[in-house]
Amino acid sequence: MTVQKMAHKDLMPYIQFFENNSIIMLLVNDENGKIINANLTAQKFYGYSKKEFLSKYVWDINSIGKERSLEKLKEHRRQGQLLVQDKHHLANGEIRDIELHTCRVQIGGKPVSYCIIHDVTERVKAEKQVNYMVYHDQLTGLPNRYALKEYIDQELILKQKIDKFAVLFIDLDRFKLINGTFGHSFGDLVLLEISNRLRGIFPENKVIFRYSGDEFLIVIKNTSEAKIIESTEKILEKFSYPFIINMREIFVSPSIGISMFPKDGESKETLIKNADIATQFAKGMGKNTYQFFSSDFERINSRKLGLESSLRNAVKNNEFMLCYQPQINLINREIVGVEALIRWKHPELGLISPNEFIPLAEETGLIIPIGNWVLKTACEQLKAWQMKNLPVNRVAINVSERQLQVQGFVQNVKEMLEQFGLKPEHLEIEITESIMHNTDEIEPVLKGLKDIGLRVSIDDFGTGYSSLSLLKHLPIDTLKIDQSFTKDLVIDSKATALVETIISMSESLNFEVVAEGVETEEQYSFLKRKNCRLGQGYLFSRPLNSEELLRHISG
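Per the numbering used here, the sequence shown starts with residue 2, numbered consecutively.
Please note: incorrect hints may appear among the correct ones.
[Said to hold, decoys possible] So the derived label-pair ranges between C-beta atoms look like this:
#1 M506 - T440: 15 to 23 Å
#2 E426 - I554: 48 to 56 Å
#3 Y147 - S50: 44 to 52 Å
#4 N197 - E231: 55 to 63 Å
#5 G181 - I202: 45 to 53 Å
#6 T502 - M388: 16 to 24 Å
#7 L193 - K35: 19 to 27 Å
#8 M506 - M388: 37 to 45 Å
[Stated by the list, open to error] Simulated crosslink set (SDA-like; lysine to any residue; CA at most 20 Å straight-line):
#9 K35 - G110
#10 K346 - L306
#11 K75 - N93
#12 K67 - D87
#13 K288 - S213
#14 K473 - E431
#15 K88 - D98
#16 K473 - S505
#17 K111 - F54
#18 K424 - P476
#19 K377 - L306
#20 K67 - A92
#21 K264 - E156
#22 K384 - I436
#23 K305 - F321
#24 K488 - I436
#25 K177 - K488
#26 K57 - N93
#27 K531 - R543
#28 K377 - F421
#29 K488 - I443
#30 K448 - T479
#31 K346 - N319
#32 K305 - C324
#33 K222 - R200
#34 K88 - K111
#35 K288 - I251
#36 K284 - E299
#37 K88 - W60
Note that these hints are calculated values from the structure, not bench results. All C-beta atoms, glycine included, are put in the ideal place defined by N, C-alpha and C.
Between the sequences and the hints, there should be enough to build the whole structure, so can you do that?
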């Protein structure tokens, strides 16, 4: 660009414009960067007198230093004008964000730059605040999902320097229950404490992200599977201690899914998706654990999605059936009742295990209509047996936590009994031991069932979270010893001692005991000798459909 030349007599209007302008203006020697003039506005802004300015170079007030400043001057000489974002130092030590526009002219035959300066500190501060709000979670102060995606992209761009990194997807187990029980404000306090505990485990704040409501992600660089296992187990160990919120102890456990770069993906979308998939499998393993991503998961998930679609129509299409496993009096080996066990005969896939479709039904909420079908079908069948004078005095049905939480569950059971003309003592409700931690919500429902005369039993006892205090206060009639303990009777001293303890404790608390999974005469003899009155298992009968049970009893 041609430099504009001005004679001295032509400069007076420009000098007056320069000196009296309300805009911050400097004149700089375009060859060496020396400041040759500063208007009154500049003197007030920077806090230097004109004499002080005339002893300075541009790098004395900017943040880019001498070398970079000289490069900018060369660039300016090529282009004739520049727009620069910089930080300038004031005389009092304050640092201000500025935007500098330059225009190159010649005065008295010398090339100089007009520097027009705008103080943009407040604008930059506002932009930073907006940027912070966009990329950070307002509750915890952690970077959010948008910051996560940019961070992973940066790591991928620099992947030549990073051999591996891991994405840990943390989903809090049963956190919705905390929100539902104590309210969202209380839940926010829990999340805040969780974020602080994670910061304590991983001091580098930038690696921890709050991904969504009760989900956190951690990115760990330059790592290995062995180190990830060590870090993940540290998370589980730290979460084993209670969170103290408003003088109340709260236990929150995490399910953790892990994907590794580049093995499990080379894009942020794939890495996050695969870590999320691994988290869902960790939950399926019983929660409060971790799981590395496997390519098999996608095949399993595809089957799961197909099953979910089919499950929604299974009740309507009459694809379910009930089998009944007899419960035996161990003294005389006579049938005292049966446990109703659901089976799903898929039209294309054949018989599908309850271990596969019941968790899916729980997760999707389909357990509610399925549970209603089980209740009605079992009551209807029991009435049919009674009409034939079969010696089946009681049917036990399994009820999930989600069913117990449905408003009006007790009334629904009562109406079902009335519909089929059954007495309450003919029906037993089985709950799993693992749901007993939620006593505040479950206890009133169990008491309601007891008030109308039903029996309540704890299934799979010994595998969950029960404590003696819960057993003392909850309205329980029966403990069912889990089959994993019965299986190891006689051959495993620990299993033997545990079963003996459960039987002895039940006698003290006046509970009935049912031993599940009785398969051998040795197990049967041991249980009978230890005064366990009831049992069920393949030694006596496998689960039977209604017609098979009729033949079994008759013959």
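We went through each hint and held it up to the structure:
1. Between M506 and T440 the Cβ separation comes to about 19 Å, which falls inside the hinted range of 15 to 23 Å.
2. One distance hint, 48 to 56 Å for the beta-carbon pair E426 and I554, is violated here, with the actual separation near 20 Å.
3. The hint said 44 to 52 Å for the Cβ distance between Y147 and S50, and at roughly 48 Å that hint holds.
4. In this structure the supplied range 55 to 63 Å is violated for N197 paired with E231, their Cβ-Cβ distance being about 21 Å.
5. Checked against the given bound of 45 to 53 Å, the beta carbons of G181 and I202, roughly 28 Å apart, lie outside it.
6. In this structure the supplied range 16 to 24 Å is violated for T502 paired with M388, their Cβ-Cβ distance being about 42 Å.
7. Distance hint check: the CB atoms of L193 and K35 are about 55 Å apart, inconsistent with the given range 19 to 27 Å.
8. For M506 and M388, the hinted distance range of 37 to 45 Å is satisfied, since their beta carbons lie about 39 Å from each other.
9. Only pairs whose Cα atoms come within 20 Å are accepted, and K35 paired with G110 is accepted, the gap being roughly 16 Å.
10. With a C-alpha separation of about 17 Å, the suggested pair K346 and L306 falls inside the 20 Å cut-off, and the hint holds.
11. For the proposed pair K75 and N93, the alpha carbon gap of about 30 Å is over 20 Å, so the pair is violated.
12. Between K67 and D87 the alpha-carbon distance is near 14 Å, which keeps this suggested pair within the 20 Å criterion.
13. Annotation: proposed proximity of K288 to S213 holds, straight-line Cα distance about 19 Å (limit 20 Å).
14. For the proposed pair K473 and E431, the alpha carbon gap of about 17 Å is at most 20 Å, so the pair holds.
15. Of the supplied pair hints, the one linking K88 and D98 holds, its CA atoms being roughly 5 Å apart against a limit of 20 Å.
16. Distance hint between K473 and S505 is fulfilled; the C-alpha atoms sit about 15 Å from each other, no more than 20 Å.
17. For a cut-off of 20 Å, the pair hint linking K111 to F54 stands: about 19 Å separates their Cα positions.
18. Distance restraint check for K424 and P476: the Cα-Cα separation of roughly 19 Å lies within the 20 Å cut-off, and the hinted pair is therefore satisfied.
19. For the proposed pair K377 and L306, the alpha carbon gap of about 28 Å is over 20 Å, so the pair is violated.
20. Straight-line distance between C-alpha atoms of K67 and A92 comes to about 18 Å, which keeps the hinted pair within the 20 Å bound.
21. Distance hint between K264 and E156 is fulfilled; the C-alpha atoms sit about 15 Å from each other, no more than 20 Å.
22. Of the supplied pair hints, the one linking K384 and I436 is violated, its CA atoms being roughly 30 Å apart against a limit of 20 Å.
23. Taken as a hint, the K305 and F321 pair is honoured in the structure, with Cα atoms around 18 Å apart against an allowance of 20 Å.
24. Between K488 and I436 the alpha-carbon distance is near 24 Å, which puts this suggested pair outside the 20 Å criterion.
25. At roughly 36 Å between alpha-carbon atoms, K177 and K488 are farther apart than 20 Å, so this suggested pair is violated.
26. Proximity of K57 to N93 is assessed by CA-CA distance (about 16 Å); at most 20 Å being required, the pair is judged to hold.
27. For the hint linking K531 to R543, the alpha-carbon distance of about 24 Å lies beyond 20 Å, and the restraint is violated.
28. Distance check on the hinted pair: K377 and F421 sit about 9 Å apart at the alpha-carbon level, within 20 Å; holds.
29. For a cut-off of 20 Å, the pair hint linking K488 to I443 is broken: about 30 Å separates their Cα positions.
30. Pair hint K448 plus T479 holds up; C-alpha atoms about 15 Å apart against a cutoff of 20 Å.
31. Proposed proximity of K346 and N319 is supported: the alpha carbons are some 9 Å apart, at most 20 Å.
32. Simply put, K305 and C324 have alpha-carbon atoms about 24 Å apart, too far for the 20 Å limit, and the pair is violated.
33. Under the criterion of a C-alpha separation no larger than 20 Å, the hint pairing K222 with R200 is consistent with the structure, at around 16 Å.
34. For the hint pairing K88 with K111, the CA-to-CA distance comes to about 28 Å; that exceeds 20 Å, so the pair is violated.
35. For the hint pairing K288 with I251, the CA-to-CA distance comes to about 17 Å; that is within 20 Å, so the pair holds.
36. Note on K284 and E299: the hinted pairing holds, with a Cα-Cα distance of about 16 Å set against a maximum of 20 Å.
37. Restraint check: the Cα-Cα separation between K88 and W60 comes to about 11 Å, which is no more than 20 Å; the hinted pair holds.
The structure shown violates the earlier hints numbered 2, 4, 5, 6, 7, 11, 19, 22, 24, 25, 27, 29, 32, 34.
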